[in-house]
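2 protein chains.
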Amino acid sequence: MKDDGVGYVETQKFDIKGTIELESGKTLDNVTVAYETYGKLNKNKTNAILICHALTGDAHAAGWHKNAKKPGWWDIIIGPGKALDTNKFFVICSNVLGGCKGTTGPASINPETGEEYGMDFPVITIKDMVNVQKVLVIECFKINQLTAVIGGSMGGMQVLQWMISYPDIVKKAIPIATTGRSTPQQIAFNAVGRQAIFSDPKWNQGEYYKTNDVPKSGLSVARMMAHITYLSEESMDLKFGRSLQDKNEKSFDFEIDFQVESYLKHQGTTFVERFDANSYLYITKAVDYFDLSEEGSLIEGLSNVKSKVKIIAVDTDWLYPVEQNEALVNALAANDVNVSYSELQSPHGHDAFLLEEGQLNFIISSFLSENIVADLMKTDVPTLNTNSGVREAAELMVKEQVTHVPIVNGVNELMGIVTSWDLSKAIANDTYELDKIMTKSVRSCSKEDSIIDIAKKLKDYDISCLPVIGEDKKLEGLITSELISHLISKY
Amino acid sequence: MKDDGVGYVETQKFDIKGTIELESGKTLDNVTVAYETYGKLNKNKTNAILICHALTGDAHAAGWHKNAKKPGWWDIIIGPGKALDTNKFFVICSNVLGGCKGTTGPASINPETGEEYGMDFPVITIKDMVNVQKVLVIECFKINQLTAVIGGSMGGMQVLQWMISYPDIVKKAIPIATTGRSTPQQIAFNAVGRQAIFSDPKWNQGEYYKTNDVPKSGLSVARMMAHITYLSEESMDLKFGRSLQDKNEKSFDFEIDFQVESYLKHQGTTFVERFDANSYLYITKAVDYFDLSEEGSLIEGLSNVKSKVKIIAVDTDWLYPVEQNEALVNALAANDVNVSYSELQSPHGHDAFLLEEGQLNFIISSFLSENIVADLMKTDVPTLNTNSGVREAAELMVKEQVTHVPIVNGVNELMGIVTSWDLSKAIANDTYELDKIMTKSVRSCSKEDSIIDIAKKLKDYDISCLPVIGEDKKLEGLITSELISHLISKY
Chain A
1 MKDDGVGYVE TQKFDIKGTI ELESGKTLDN VTVAYETYGK LNKNKTNAIL
51 ICHALTGDAH AAGWHKNAKK PGWWDIIIGP GKALDTNKFF VICSNVLGGC
101 KGTTGPASIN PETGEEYGMD FPVITIKDMV NVQKVLVIEC FKINQLTAVI
151 GGSMGGMQVL QWMISYPDIV KKAIPIATTG RSTPQQIAFN AVGRQAIFSD
201 PKWNQGEYYK TNDVPKSGLS VARMMAHITY LSEESMDLKF GRSLQDKNEK
251 SFDFEIDFQV ESYLKHQGTT FVERFDANSY LYITKAVDYF DLSEEGSLIE
301 GLSNVKSKVK IIAVDTDWLY PVEQNEALVN ALAANDVNVS YSELQSPHGH
351 DAFLLEEGQL NFIISSFLSE NIVADLMKTD VPTLNTNSGV REAAELMVKE
401 QVTHVPIVNG VNELMGIVTS WDLSKAIAND TYELDKIMTK SVRSCSKEDS
451 IIDIAKKLKD YDISCLPVIG EDKKLEGLIT SELISHLISK Y
Chain B
1 MKDDGVGYVE TQKFDIKGTI ELESGKTLDN VTVAYETYGK LNKNKTNAIL
51 ICHALTGDAH AAGWHKNAKK PGWWDIIIGP GKALDTNKFF VICSNVLGGC
101 KGTTGPASIN PETGEEYGMD FPVITIKDMV NVQKVLVIEC FKINQLTAVI
151 GGSMGGMQVL QWMISYPDIV KKAIPIATTG RSTPQQIAFN AVGRQAIFSD
201 PKWNQGEYYK TNDVPKSGLS VARMMAHITY LSEESMDLKF GRSLQDKNEK
251 SFDFEIDFQV ESYLKHQGTT FVERFDANSY LYITKAVDYF DLSEEGSLIE
301 GLSNVKSKVK IIAVDTDWLY PVEQNEALVN ALAANDVNVS YSELQSPHGH
351 DAFLLEEGQL NFIISSFLSE NIVADLMKTD VPTLNTNSGV REAAELMVKE
401 QVTHVPIVNG VNELMGIVTS WDLSKAIAND TYELDKIMTK SVRSCSKEDS
451 IIDIAKKLKD YDISCLPVIG EDKKLEGLIT SELISHLISK Y
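So the sequence lines, in the order shown, correspond to chains A and B. Under this note's numbering, read the first sequence as residues 1 to 491, first letter to last. Under this note's numbering, read the second sequence as residues 1 to 491, first letter to last.
Careful, some of the hints might be misleading.
Each pair may be met inside one copy or between any two copies, as identical chains are not told apart.
To be verified - Straight-line Cα separation of at most 30 Å, BS3-like style, residue types lysine-lysine; simulated pairs:
#  : residue 1 : residue 2
1  : Lys247    : Lys265
2  : Lys250    : Lys202
3  : Lys26     : Lys247
4  : Lys171    : Lys45
5  : Lys17     : Lys250
6  : Lys399    : Lys459
7  : Lys216    : Lys202
8  : Lys306    : Lys250
9  : Lys134    : Lys250
10 : Lys127    : Lys247
11 : Lys250    : Lys127
12 : Lys265    : Lys26
What the hints contain is simulated information worked out from the structure, not anything from laboratory work. Here the structure is a predicted model, which is why all the values come from computation and not from measurement.
Bound conformation, chain A alone (with noise of 0.2 Å):
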């Protein structure tokens, strides 16, 4: 473990008590959930953050297992310091229904049968997901509001049924690379998926648990498959170009002979290690049968949204591409919802969400944390009260080297601010009263504002500081530009 993160960490389980109803009609029960979590829950349950994962994901977000070689899959936002700092944040990741990393899927044991689900696993939705999610973060963790939801590509469709399905509970919600709506192009390629895993006379109907003979090969090509629309052609190209494998001449055979060929492959053969053949048919299904323009279209789907929202795409991205991220903002916008929309530069295509670190990190702590003044705020300012002269100001600005000084009464109350460059007005008047100087009516702002807010406004009014001011009138402190673009810069 290289570590500026989070450290060790293990995968949780939480069984859930009682039924849960799904949208087929059909229900489960014993359901138990694998998750984990990072960062402390506060005492009044307001700073937790979920996660949603993707297609072949886990609970395992972030921070290391014991002689991992790598890091959870969304470390690189995931704490202290990071967009989900985990010393505001208590974060939360867990597995799907469905899936196969811990969480009740295919693979688990039918409590009515002894034995494992394999096909009689009934067909879950995005909503069913989202719905036990939420029964662990109310039931496990006893919390009546998110500050956020979270997730990329299929973790997008969650984020985006959370806002749906529990408008309430759900504060801010980032759905980044995603659709709200499966179309048949998206439909196509996880069908021929399935339909490489059915191919394999090893699936066997989904009975394969008791043998040690899985399907690997099915499962591994609809992998590979699923793998090219992850990546952008320009990436492709940029990554391996016509480069050939560990050799100098085509080899006129059909041993690899090109480097995607045998990046692809190892793709494959390694997905089938950690992933659940069934699980795949199952989650894949679930993504097919997402649409919230189902009852006519999204802006009448996403018509209860009462989330703040930051859709995020990928420039490159020709699985999830641009329009259709676009299109939910443009359906959440006639619906009145405080959305906004950034998009992220990057050869990668789809697969962005996972690697755009700075970015990434740039635009999900500026929308959750929106910094406020206070967060950044200069509080030790070198003030001058209002009988000095400008000797004593010019003085003070060498010393303490700043340009800005406030001007302040007995009682701590601003009266006014003088910079260096009205020292140059003093000498040119030659005046050596400070009163006669200074600038009487400064801009101000409180702890409180956004620091986004004032950094438009010391754009717009072509100034460099601003006093921070209480609600007593008395100085507080001070912000400069150049204390906010430290923050920008941290990334």
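Place chain B on chain A using the hints.
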């Protein structure tokens, strides 16, 4: 057979004498080529056009086989009056080397063993396919020059290879919806398709010919996946949307739910009835190996091209996108090749090269025939002689319903032209002598002028009619904008 085309046809065979040397260094003996022809080869053998088929095509490009339910795969552009006009051209199409439709391929008998080649068949390339076609053209038909070579997708690759391998044989070339270099994404799709076949236990290392148990599952999955790449997302949305197949509600099981699934399944199922899995392996490998930039760049790869070239792309093709076709145009232009570019406007994606009847016929026929004035001009033209009066001219125009009357002398030499508009001048000026109102310095053209040039001339000079003059200065007919517009409206 419902037909305005070439009628019933049969696939022929040609046995190549001697040995075919392959790019791999291996050789093939006893190669048979399956082919069809449409139209008649003229005496001087100057009217032949070669068609190259795509990945899973065959020699049957046009007309009807006995009892068939549909015609050849490119019947829309081959036949009397179509772009590849069988009244003018002798059209040849042959099955590629490595194929399974009559030309020698992995399912053929290896003369050395008396058994099917299977995976003992040597790996072949696009260049090898073209070399075999060249033997057919030269030895079977004794044709020394081809009026044109034309093909889409992998057929387009063969056209490009023809331009390079045999620059003196190919007068005109039309590569459609293709690329000069298989990209890693294209290779990836082919590699996964092959993997699906390899994974099918019935493939059995390619030795399945003796059984009735061929690797249908693997080949079907490969075809289903490839088929996704042939359609645009837009066309899938228009064609299927999220419509359910024969049901009103989602099934919540793993039967087919959506129409798009049913369609792809059907594509897979019917494909395995007509195609050999080993052929699919060999032909996709040939496509992967295709790279005209191997020597450094496309410009170098295309440096010895002499043909006149028309590149045609499809605006919604994401398998061989517009940019890859434009790269060919640029590389050819950099080599001073006479190259032009047309783009099919189509929702159909890659498949548009098989579907866009109107646009294909117009673009290809314009490029091929470059209709000359002789094809369209009116020869039965009412004229007057220089002694005629204005009254005679007016009467003739009314009787013959024409607006332009050429004025000729006693030996039919053009002296001028009078138009209905000129008559209004006569009335205004009270003149009744033709000689005073007719235009004497008349623009004219010759029978051999290209219609495209004449159309441009008519537009540039804002006139609607040109007399056609022979070398002996005698009037041969008239060409009008009306006649030209009929040409374009034909398709």
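Against the structure, the hints come out as follows:
1. Taking CA atoms no more than 30 Å apart as the test, Lys247 paired with Lys265 passes inside one copy only; the shortest distance there is 17 Å, against 38 Å between copies.
2. With identical chains, the CA atoms of Lys250 and Lys202 are at most 30 Å apart between copies only, with a shortest distance of 28 Å across copies and 33 Å within one.
3. For the identical chains of this complex, Lys26 and Lys247 are inter-copy neighbours only, at 20 Å across copies versus 55 Å inside a copy, given an alpha-carbon limit of 30 Å.
4. Taking the shortest Cα distances, Lys171 and Lys45 sit within 30 Å of each other inside one copy (13 Å), while across copies they are farther apart (78 Å).
5. Proximity of Lys17 to Lys250 under the C-alpha cut-off of 30 Å is restricted to the inter-copy arrangement: shortest distance 29 Å between copies versus 60 Å within a copy.
6. In this assembly of identical chains, the alpha carbons of Lys399 and Lys459 lie at most 30 Å apart only when taken from the same copy (28 Å versus 81 Å across copies).
7. Taking the closest pair of Cα atoms, Lys216 and Lys202 come within 30 Å of each other both inside a single copy (8 Å) and across two copies (16 Å).
8. Taking identical chains as interchangeable, the C-alpha atoms of Lys306 and Lys250 lie at most 30 Å apart only when they sit on different chains, with a minimum of 29 Å there against 58 Å within one chain.
9. In this homomeric assembly, Lys134 and Lys250 come within 30 Å of each other (Cα to Cα) only across copies, at 25 Å, whereas the closest approach inside a single copy is 54 Å.
10. For the identical chains of this complex, Lys127 and Lys247 are inter-copy neighbours only, at 22 Å across copies versus 49 Å inside a copy, given an alpha-carbon limit of 30 Å.
11. Taking the shortest Cα distances, Lys250 and Lys127 sit within 30 Å of each other only across copies (15 Å), while inside one copy they are farther apart (49 Å).
12. In this assembly of identical chains, Lys265 and Lys26 lie within 30 Å of each other by CA distance solely across copies; the values are 28 Å between and 38 Å within a copy.
This entry satisfies every hint, going by the numbered hints stated previously.
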